[in-house]
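Undergrad: Okay, here's what each chain looks like letter by letter:
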Amino acid sequence: MARIELEQVNLTFHVRQERGVRLKDFILKRLFMPSRNPGMKVHALRDINLRLERGDRLGIIGHNGAGKSTILKLLAGIYQPSSGRRVVEGRVSSLFDIALGFEGEANGWENISFRSYLQGETPTSVRAKKQAIAEFSELGDFLNMPVRFYSAGMMVRLAFSIATAIEPEILLVDEVLSVGDLAFQNKARERMREMMAKAHLMVVVSHDLDAMPQMCNRAVWMDHGQVRAMGPCAEVVAAYRASVGGHAIAA
Amino acid sequence: MQAYLGAIWKCRFFWLSLVKMDLRSRYRGSLLGLCWSLLHPIAMTTILCVVFRFAFHQALDTYAPLVFTGLTFWGFISASVIQGCGCFFQGESYIRQFPAPMAIYPLRNVLGAAFHFGIGIMLAMAIGFVYGPDVREIYGNPSATRFQQLLSLPSLLPTCLLLLMLGWSLSILFGLLSVRFRDTRHLTEIALQGMFYLTPVMYTIDTFKNQQRLTRLLHCNPLVPFLDLIREPILFARVPSLATYAASAAVVMVSVLLAVAALRIEERRLIFHL
Numbered sequence: 008m009a010r011i012e013l014e015q016v017n018l019t020f021h022v023r024q025e026r027g028v029r030l031k032d033f034i035l036k037r038l039f040m041p042s043r044n045p046g047m048k049v050h051a052l053r054d055i056n057l058r059l060e061r062g063d064r065l066g067i068i069g070h071n072g073a074g075k076s077t078i079l080k081l082l083a084g085i086y087q088p089s090s091g092r093r094v095v096e097g098r099v100s101s102l103f104d105i106a107l108g109f110e111g112e113a114n115g116w117e118n119i120s121f122r123s124y125l126q127g128e129t130p131t132s133v134r135a136k137k138q139a140i141a142e143f144s145e146l147g148d149f150l151n152m153p154v155r156f157y158s159a160g161m162m163v164r165l166a167f168s169i170a171t172a173i174e175p176e177i178l179l180v181d182e183v184l185s186v187g188d189l190a191f192q193n194k195a196r197e198r199m200r201e202m203m204a205k206a207h208l209m210v211v212v213s214h215d216l217d218a219m220p221q222m223c224n225r226a227v228w229m230d231h232g233q234v235r236a237m238g239p240c241a242e243v244v245a246a247y248r249a250s251v252g253g254h255a256i257a258a
Numbered sequence: 194m195q196a197y198l199g200a201i202w203k204c205r206f207f208w209l210s211l212v213k214m215d216l217r218s219r220y221r222g223s224l225l226g227l228c229w230s231l232l233h234p235i236a237m238t239t240i241l242c243v244v245f246r247f248a249f250h251q252a253l254d255t256y257a258p259l260v261f262t263g264l265t266f267w268g269f270i271s272a273s274v275i276q277g278c279g280c281f282f283q284g285e286s287y288i289r290q291f292p293a294p295m296a297i298y299p300l301r302n303v304l305g306a307a308f309h310f311g312i313g314i315m316l317a318m319a320i321g322f323v324y325g326p327d328v329r330e331i332y333g334n335p336s337a338t339r340f341q342q343l344l345s346l347p348s349l350l351p352t353c354l355l356l357l358m359l360g361w362s363l364s365i366l367f368g369l370l371s372v373r374f375r376d377t378r379h380l381t382e383i384a385l386q387g388m389f390y391l392t393p394v395m396y397t398i399d400t401f402k403n404q405q406r407l408t409r410l411l412h413c414n415p416l417v418p419f420l421d422l423i424r425e426p427i428l429f430a431r432v433p434s435l436a437t438y439a440a441s442a443a444v445v446m447v448s449v450l451l452a453v454a455a456l457r458i459e460e461r462r463l464i465f466h467l
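Protein sequences, first through last, are from chains A and B. Take the first sequence: its letter number 15 is residue 22 in my numbering, and every next letter is one higher. Take the second sequence: its letter number 56 is residue 249 in my numbering, and every next letter is one higher.
Treat the hints with care, since some could be wrong.
Unchecked claim - Here are some, though not all, of the chain A residues that point toward chain B, as calculated from beta-carbon distances under 7 Å: (1) Phe20; (2) Ala113; (3) Glu117.
Hint data in this document are derived by calculation from the structure and do not stem from the laboratory. The beta carbon of each residue, even a glycine, is placed where N, CA and C say it ideally should be.
With the rest of the complex left out, here is chain B:
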C-alpha cells in the first residue's frame, strides 16, 4: 500500500502536468478564461431560479446560493464519475508503454474537476459573504458582524479533502467497471440523472418535512452529509457538526476501501481488457 502511494507520488510530475495541460487547453483561446468553470453552474442556477420563482414563488436571495452550492457539488461528483468511466481508455497509450500505477489515470480527471469545484466554491463564498444570512440572528449576538461569518469557512478545508478522496475513489471504481463492462458509462449516466433528483441539490430536505417517507429516503442518500458540510458554513455561517463530518468520512471510507479492493484485483490484468 505504502509502496503504491510512493509510486503515485513518484510520477506526480506526470499527472500534474496532464492536469495542467487539460486546464490550459480548455481555457486556451476562450475570452471567458476562468469563468469557463463557472459558466455551467451559473447558467443552471439562473434557469432553476427563474423556474422556481415562477412555479413556486421561491424567494431568490436564499434560493440562489442554495442551488449554486448544490450544483457546484454535483458538478464535481458527476464529472468524477462520468469522466472516470473513460479514464483508463484515455490513458491506454500510456498504460501500454509505462508501468505507472493505474490510480494516476483517474486522478487526472478528478483533479481537473476539483479545480472547477474550487473556483465554484470560492464564488459561492463570495456570494455567501455579500448576500449571506443575518449573522446577528444566527449567533444570537446583536453586535456580531459579517466578518465573524468568515470564521466558519476554514471548516471547508477538511470537506475538500474528503471530497477529493470520494471523487478519486469513485473515479477508480467506475473506470475499472467500464473497462470490464462496456455499457457502464451509458448506464451510469442514466443512474446519475436519477440520483440528481434524489439528492438535495436544488432543494433542501426540509422542503419535504411533511412527507416522512420521502425524508427518510433522502437521509439514506450517502451524498447528503457532503452537501451539509458545504452549505452550513457558506449559507448559514455555522461550522458543521462532528456527526456530519463522521458520516461523510464513513462514506469516503467505504468508497476508498472498495476502490482499493477493486484495484488490487484488477491492476495487474487491466491491460488485457483494454
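Next comes chain A alone, as it looks inside the complex:
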C-alpha cells in the first residue's frame, strides 16, 4: 500500500561559512572570543502539507532553490523533518544523485551487487537480475574492470541500469536524467516511462513544463520553501508559467 502524508512539515538546518569547526577553535573561541565562523539558519521547508494516495503522480515545480529537491529527499527519508509529521508507506526507490556512491576499486559486477543490496535486494534476487542489468547497461566486458577507469558516461549508464532494475511502489525522481549517448538516452526514456507506469505512486521534480502534464495528474508549485499552489497539474503549471512570464515582461 503506497501512501505519503506530510503534515505541517518544517525543515531547518544550520550551515556554517567554513565547512566545519575545529575542536581547538571551538574550545578556545567559546571561552575567549566570539566565533569568526558564524552559523546561518536555513529554513528550507515551511509548513508543508501533502497527502498522496495510490495512483497519484505528483510533479514539483518552482525556481531554483525553492526546495523542490529538499522535499524529495525528505520523502526519501534522507532528511528528517525538524517538526511536523511524515508518513511514507511502501517501498521507496529514489532516482537522484545516482551517479554517486560507487566503489572505485571494485569492478562493475561487484558494484551492481552492493548497490542493489542498498536498494533492498538479497543475494538471491540480485543473482537473478544481474544479467539483465548488465545487458541494459551495454557495458559488456567493461564490467570486469574496476569502475574507477569508467568514463562519466559509462558510470551513469551503470548507475541508471541498477537504479531502474527494481519495481518500486513509490518512485521519487529528480529532474529528467540525461544519461549517456543518444541511443542510450532513448532507451533510458523508455525505461523511465515503464517504471513510472508501474509505480503505485510517483513524485517527480522537473523543469520540463511541457512534459509535466503528460506525466503527472497533480502538481505543487514551490516558492522559497513554501507551497505557492497545489492542484491539478495543468492548472498549477499554467499559473507558474504566467508568473514567470509576468516577471520576464516586467524586467
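Go by the hints and put chain B onto chain A.
TA: Structure of chain B alone, referenced to chain A:
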C-alpha cells in the same frame, strides 16, 4: 532501539559486501595474500624484539608472543578509532542517497579491522601452542600435556565479541566527533600515540612493579583488562578471571552507551554537517 538494530540487520548484505570488497581490493594482486594482515604486527614485533634484546637483554621466547599479542590488539583499536574518524565522509555518497542507519558506516571499517585481528590472533595462538608456557608448571600437574592448554582458548570467544562492540562504538563516537570537528582525526592520532605508551602493549604492568604510582596509573587504563583477556589464555594457558571479564564488559558498556547517546542526537542532522 530494536527497530534500529533491525534496520542494520536489514541492510546486512550491503555492509557485508563493502567489507568483502575492501578486503578483496587490499589482497588483490599481492603475492602475500593473507600475510598482508600480519605484515605490520610481525615487522613491528621483530623490530621491538631486536631493540629490547640489545637494550634490555630481554629473553625473546617470552617477549615475542607478548609483543605480538599486544600489537595485534593495538592494531584493532587504532584502526577502529582512526578509520572511524573518516567513516561518515567515506560513506557520504551513500548517506546522500539512501536512508540507511548511520551505524553501518563505521561497521565497514571495524569489521575489516576485526578480520585482520582474527588472523593475528590465530597466529598468536599457534605461536603460543608451539613456544607456549610450561603447562606442567602452570597446572601443577606433571602429566599435563600441551593439548590441555587448548582448553583455555575458547575463553577468547567472548573476548572477541566484547572487542567488536568496543571497536564499533569507538568508531561511531570518533566518526561523529570528526564530522562535527574537522581536526578530530589529527588530534586523535597524537592522543593515540600517547595512549600506545600508556598501554601495556610492549611491556607488562609487572615490568614496573617497583614504581607504585606508575602501576596505579596503568591500572586506570580502560584497555588493560582487554589485553589480559587476550594474553591469559594464549601466553599463560589460563582462563581469565571473571573480574577481568566484568571490567572489560563495564568499559564496553560505557563506550556503547556513549555511542548510542551520540547517535541519538546526531543521526538526524549528520547529513547537514557532511
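Undergrad: Just pull the numbers of the violated hints for me, sorted ascending.
TA: none
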